[in-house]
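Trainee: Sequence:
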Amino acid sequence: MADFPIVVGINRTQDGSIAVAVGESGMYSLQKERVSRRKHHWGRLGDLPDRYLPAMPLLKEPVDLVVESYASDTEIEHAPAYHEEVRKTLGLKDGASIVLVSHHLSHLYSAFYPSPFEEAAGLVIDVQGSHVRDFTEEVPLPPDTGGDLLEVASFYRCRRGRLECLAKQLWDGDWARPAGLGCFSALLTKAIWPEGEGNEGKVAGLAPYGDPDALGLPDLDVRGHEVHIPPAWLEAFGRRDAFVYEPGGEDFRRAANLAAAGQRAFERALGQVVAWLHAETGLDALAFAGGTALNCSANGRLIRESPFREVFIPPSPHAGGTAVGCALYGLIACLGVDSRFRWTDDFLGPDPDGSAIEAAVRALPAGLYAEQPADLAGTLVTLLESGRVVGLHQGRSESGPRALGNRSILGDPRGPDMQDYVNFEAKGREWFRPPAALVPAEHAARLFALDRPAPFRQYAAAVRPEHRDGLPAITHVDGTARPQTVTRESAPFLHALLTRWHERTGTPVLAHTSLNGPGEPLAETPEHSIDTLLGTGMHALAMPPYLIRKRVEPPLPGELA
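In this note's numbering, the protein residues as written are 83 to 643.
Treat the hints loosely; a few may be bogus.
Stated by the list, open to error - In silico DSS-like cross-links for lysine-lysine, where the CA-CA straight-line distance does not exceed 30 Å:
| id | residue 1 | residue 2 |
| --- | --- | --- |
| 1 | K632 | K121 |
| 2 | K121 | K284 |
| 3 | K121 | K170 |
| 4 | K170 | K142 |
| 5 | K121 | K142 |
| 6 | K121 | K272 |
| 7 | K284 | K272 |
| 8 | K142 | K175 |
Calculated directly from the structure, the hints in this document are not laboratory data.
All values derive from a computational prediction rather than experimental measurement.
Please build the complete structure, drawing on both the sequences and the hints.
Mentor: What follows is the structure in structure tokens.
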């Protein structure tokens with residue numbers, strides 16, 4: 083390790099995270115929530131010695147540089163204390179620096195440099211990033227721009243070795259007069275789900291059940307690269323409890339109508355600012371990051387309709403991915419290393435520890451037992467065909483918010499009761515949310531309206547009409563799904579499992595969701611996955627080479643009263 087530069091990137095915002103760049107192409111990343119077990123856990127003092135160091139042995143190597151990113155909360159005021167913690171916890175080499183990078187710039191580094199593009203437009207949109215006074219990039223702003231203003235959208239022209247910020251939308255941070263697409267998305271979500279964080283993805287899932295015209299709400303006010311929120315929307319958001327989600331009845335209809343209107347307004351506004359950026363740059367490719375880039379329905383429309391020929395969205399476009407951006411900023415901008423890291427997969431978690439799996443299996447609770455099938459993939463196919471829901475824990479964990487096959491729950495997409503079973507018995511979530519779809523890349527275009535790979539299940543695509551009735555578990559009410567294309571190179575066991583499933587059933591698709599219980603973050607350790615099996619209606623857990631099962635099995639989908 084000592085022969086390679088090691089750069090540590092730390093995200094101190096919501097979805098606190100850490101990343102370690104090793105040499106030109108090695109990358110590790112871990113979100114705080116995976117070890118703290120608290121979703122969207124913010125970065126705070128104590129994370130490095132208490133959370134990250136025990137989980138990532140690589141942090142004990144000599145470190146060449148540390149790069150930190152803060153956003154708009156007050157944690158940046160404690161930077162000296164954070165720096166002292168870094169010096170006490172990490173083995174910094176002589177002369178190693180601790181560098182700060184502003185929030186949107188860290189987002190950009192997480193998206194453009196690991197993209198396949200040599201040249202691209204760059205777009206970052208989130209709720210709020212850094213204050214103007216904390217920018218670490220050159221920005222074309224009037225000289226009298228106040229230092230307390232916050233970035234809410236940033237627009238770039240990118241070439242390897244040169245990043246040019248073309249414009250930013252700024253906001254004064256007063257929620258009485260919110261601005262920008264990120265603020266709009268946050269307010270829309272809070273109107274429907276007032277409690278908790280990270281519910282934005284539910285809005286896109288609820289929207290197809292509503293009528294976007296029912297409430298008479300307008301489009302957003304888009305002026306060039308800036309998005310402003312009309313008074314009618316602010317009035318709707320101010321109607322306390324008027325649109326709070328309930329699973330049925332008139333309350334459900336009102337919530338769905340607001341979601342439908344909001345999703346349409348969001349998509350149209352995003353399309354307009356993207357068109358502005360295309361006109362400004364004249365480039366064919368777009369790299370898009372920020373929390374708003376998690377909206378699968380909007381991403382699907384962006385890919386289909388925007389003037390950009392190619393669109394790249396990293397698997398961690400949210401704040402949790404900025405640790406990777408920090409590490410790459412340090413590697414590229416500070417150390418001058420030509421990084422070869424590319425987002426070919428999202429399996430950036432710590433290296434798996436075989437002894438940890440063995441220890442977890444030896445300590446199984448009384449209600450579980452383990453076996454080692456001679457043909458694990460074949461055994462899983464048999465279980466899935468019988469209607470059982472199976473977890474899969476293997477390899478390095480996904481760094482982003484979505485499971486992509488290493489911390490996943492799998493089921494038969496052909497079963498009419500599978501969606502309800504996954505939502506109620508495994509995930510404990512809203513009834514209207516379909517699982518995603520796993521499909522071998524070579525079969526994807528036959529079943530879905532896909533003209534490109536979708537390795538990170540980031541955008542919605544239509545299920546081809548002739549296949550919708552046969553895939554009810556993964557087909558949404560609007561006829562779309564969230565497919566993840568799988569290749570033999572990126573996920574060999576998962577591809578082999580899908581191939582065997584196709585040979586057995588004639589269907590190359592599996593229903594797929596993240597391996598976690600109700601309200602929990604994605605499982606990280608073997609113990610987390612075993613706890614999920616024990617505490618939910620999952621029937622089994624594959625943890626190669628082991629298959630862990632329940633001594634008393636839950637009912638199968640369709641057997642519940």
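Trainee: Taking each numbered hint in turn, which are not upheld by the structure, reported in ascending numerical order?
Mentor: Structure breaks no hint.
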